[in-house]
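Based on the hints, put chain L in the right spot on chain Z.
There are 2 protein chains.
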Amino acid sequence: MRRVEVLKSVTSANDAIAAQNRQILDKHRILAINLMSSPGAGKTSLILKTIEGLRSELKLAVIEGDVASKIDADKIDKQGIPVVQINTGGSCSLEAHMITSALDKLPLENMDLLFIENVGNLICPAEFALGEHKKVVISSIPEGDDKPMKYPLMFTEADALVINKVDLLPHFEFDLVRFRKAVKGLNPKVKVFEVSCKTGAGIDAWCGWILTEAKRVCKS
Amino acid sequence: MRRVEVLKSVTSANDAIAAQNRQILDKHRILAINLMSSPGAGKTSLILKTIEGLRSELKLAVIEGDVASKIDADKIDKQGIPVVQINTGGSCSLEAHMITSALDKLPLENMDLLFIENVGNLICPAEFALGEHKKVVISSIPEGDDKPMKYPLMFTEADALVINKVDLLPHFEFDLVRFRKAVKGLNPKVKVFEVSCKTGAGIDAWCGWILTEAKRVCKS
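Top to bottom, those sequences are chains Z and L.
Residues in the first sequence are numbered consecutively from 1, following the numbering used here.
Residues in the second sequence are numbered consecutively from 1, following the numbering used here.
For reference, chain Z alone in the conformation it holds in the complex:
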């Protein structure tokens, strides 16, 4: 019981800071998307594909969260997109105060869309609000179709679900119908996109959704 109490007090302090982040984002009319998934599901690949698809229409920036390394930030930086790398040390999720510090380092006056790439983990990130407008979960075909049953909170909290690596479907016993049914059972309103960051399949529909959401919020 003590652990739950500690977590509760940590997350309510976090929620207050997340609300302040949201005010900063809204003031600057920036749409913020919190991207969450298992390690290696394709968060950075999806960001790179979205940069390719939307860079002529929206001004993008990225916050990269990892326990260690700056591998992902280097990939974004190569695209000429403003990026801040956060290393959490041992922590299994980004937390709102980390985002506050990162926002200080970004050109807020010149941004429409902020991707926050969370630490690769299907559990902890679901517990920490960051101030984002949308929570997006990425699942990938090689992970298997049982993940919504095993990690229900993440799938319940998501505004959108991206099913990545669909080009690999012939190599796996992944039942898309069963998977979608399990997700919709937890979260009937979730938007679902099937994509392959490798072949580019489905990326247009994903970018279209972001553009619609951005029009509600952004200055461009």
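If you are wondering where the hints come from, they were derived from the structure by calculation, not from laboratory data.
It cannot be assumed that every hint is accurate.
Identical copies carry no separate label here, and so any pair may be met within one copy or between two of them.
To be verified - Quick list of in silico lysine to aspartate or glutamate cross-link-like pairs, EDC-like style, CA-CA up to 20 angstroms: (1) K215 <-> D167; (2) K198 <-> D167; (3) K189 <-> D77; (4) K75 <-> D146; (5) K59 <-> D26; (6) K75 <-> E173; (7) K70 <-> D146; (8) K75 <-> D175; (9) K219 <-> D112; (10) K134 <-> D74; (11) K78 <-> D146; (12) K70 <-> D175; (13) K198 <-> D146; (14) K189 <-> D26; (15) K198 <-> D26; (16) K181 <-> E213; (17) K70 <-> D167; (18) K219 <-> D26.
These numbers were taken from a predicted model, which means no experiment stands behind them.
For chain L alone, coordinates are given in the frame of chain Z:
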């Protein structure tokens, strides 16, 4: 700083309980292996392949750890192997006290080898000793070759690393040499096995290692 202090007090209490678990396991001459990986890397598949390979030589049992569901325990139960499912609720790792409760429900007098399948997560499980003799990490090809740099503690703590889904190498830009070099840089003594739980490649070498370790500990 406060979060770190809380974690430290939790893990030192955990270590004391883990030591008690280890005494129980040693008393019954049971080799315990803590299996850790990202979601969907193949922990359950590796256990099923090991059951197939070693069931005539060793008496096996399994503890399954998941945030929710009993999908994995059902797969083990179908093989007629004693299994206990632990659901951690929100917790991102098994902890030693959960193992103590599970050991109570297993036929210790009639066991040589216990697999403890941890929660799918590359961060938290590295922080909690369970009383195991060996820590084993599974990485899978679709996750990408950068994981040791991003999640160093898990790879530093492992006694053995199983690289699973090697049958998928032709479909991914996964640099095995770079991956092995990064792992050995963190952990020069780690044993490495390349396997495919789908084709069965490399499973003999993995089972051979377990058998050698079991001979040092077990009654069979």
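Intra- versus inter-copy proximity for D167 and K70 (alpha-carbon distance at most 20 angstroms): neither (28 angstroms within a copy, 29 angstroms between copies)
Intra/inter-copy verdict for K219 and D26 if alpha-carbon distance must be at most 20 angstroms: This pair counts as within: shortest intra-copy Cα distance 11 angstroms, inter-copy 66 angstroms.
Within, between, both or neither, where K78 and D146 count as close if Cα-Cα is 20 angstroms or less: Between copies, since 18 angstroms is at most 20 angstroms while 36 angstroms is not.
20 angstroms Cα threshold - placement of E173 relative to K75: between (32 angstroms within a copy, 16 angstroms between copies)
Identical-chain pair category, K70 with D175, by Cα at 20 angstroms: Result: close only across copies, 19 angstroms inter versus 35 angstroms intra.
Intra- versus inter-subunit Cα pairing at 20 angstroms for K198 with D167: both (8 angstroms within a copy, 19 angstroms between copies)
Copy assignment of K59 with D26, given that the CA separation must stay at most 20 angstroms: The answer is within: 15 angstroms in one copy meets 20 angstroms, while 60 angstroms across copies does not.
Homomeric proximity label, K75 with D175: Cα distance no greater than 20 angstroms: Only across copies: K75 and D175 sit 17 angstroms apart there, 32 angstroms inside one copy, limit 20 angstroms.
Homo-oligomer pair classification [D26, K198; C-alpha up to 20 angstroms]: neither (33 angstroms within a copy, 49 angstroms between copies)
Alpha-carbon proximity between K134 and D74, which holds within one copy, between copies, both or neither at 20 angstroms: neither (25 angstroms within a copy, 35 angstroms between copies)
Status of D146 relative to K70 across identical chains (alpha carbons, at most 20 angstroms): between (31 angstroms within a copy, 11 angstroms between copies)
K198 and D146: within-copy, between-copy, both or neither at 20 angstroms Cα: between (23 angstroms within a copy, 18 angstroms between copies)
Hint violations for this structure: numbers 1, 3, 10, 14, 15, 16 and 17, all remaining hints satisfied.
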